[in-house]
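Let the hints inform the model, and build the full structure from the sequences given.
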Amino acid sequence: MFLHPGSRELYVDWEETAEHGVAHLRAAAGADPEQPDLAALVDELLRESPDFARFWGRYEVRARGGGVKHYRHPEVGRMTLDYEVLAVSRSDGQRLVSYQAPRATPDHDAMLLLGMSEPAEAGAETGAADDPGGRRG
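The opening position of the sequence shown corresponds to residue 1 in full-length UniProt numbering, with each subsequent residue numbered one higher.
Calculated from the structure, these hints are not laboratory results.
Be a bit skeptical, because a hint or two may be false.
Distance windows between CB atoms, simulated [as the list claims (entries may be wrong)]: (1) G30 - R103: 32 to 40 Å; (2) L3 - G65: 25 to 33 Å; (3) P5 - R58: 18 to 26 Å; (4) A27 - Y99: 17 to 25 Å.
Since we're looking at a predicted model, the values are computed, not measured.
Virtual Cβ for every residue (Gly too), placed ideally from N, Cα, C.
This is the structure we're talking about:
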């Protein structure tokens, strides 16, 4: 989301999505402050992204539960998807994120088309390698 140049095109409301992502990342960091991979990720983003540093400096904390995300996908155009974040029981803080669109809508049709298409090289077009669906904050 912060290091891939295509992410600003993918998220229709990039600023809001990025701000929320950082607040969720801060919540994860607070839940397990000794996690070395998370600390390394935050350090890298602070060094490489002025936008991340700006949001991180606000000290906002949010627990992720669900909501709506608006995408501008290079293959299917604009999509609005509902998402839910579910805790995986008996795991070390793992979460399962589910995206959905109501049946018989253009958003649902777009998801079906993407499911039938050949996978792009990891992150090549959409920044998925940096932030698949907002999972890394």
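Now for the hints, and whether the structure bears them out:
Between G30 and R103 the C-beta distance comes to about 38 Å, which sits within the given range of 32 to 40 Å. Against the hinted window of 25 to 33 Å, the Cβ-Cβ separation of L3 and G65 comes to about 26 Å, which satisfies the hint. With their beta carbons about 24 Å apart, P5 and R58 fall inside the hinted range of 18 to 26 Å. For the pair A27 and Y99, the supplied restraint of 17 to 25 Å holds, since their beta-carbon distance comes to about 20 Å.
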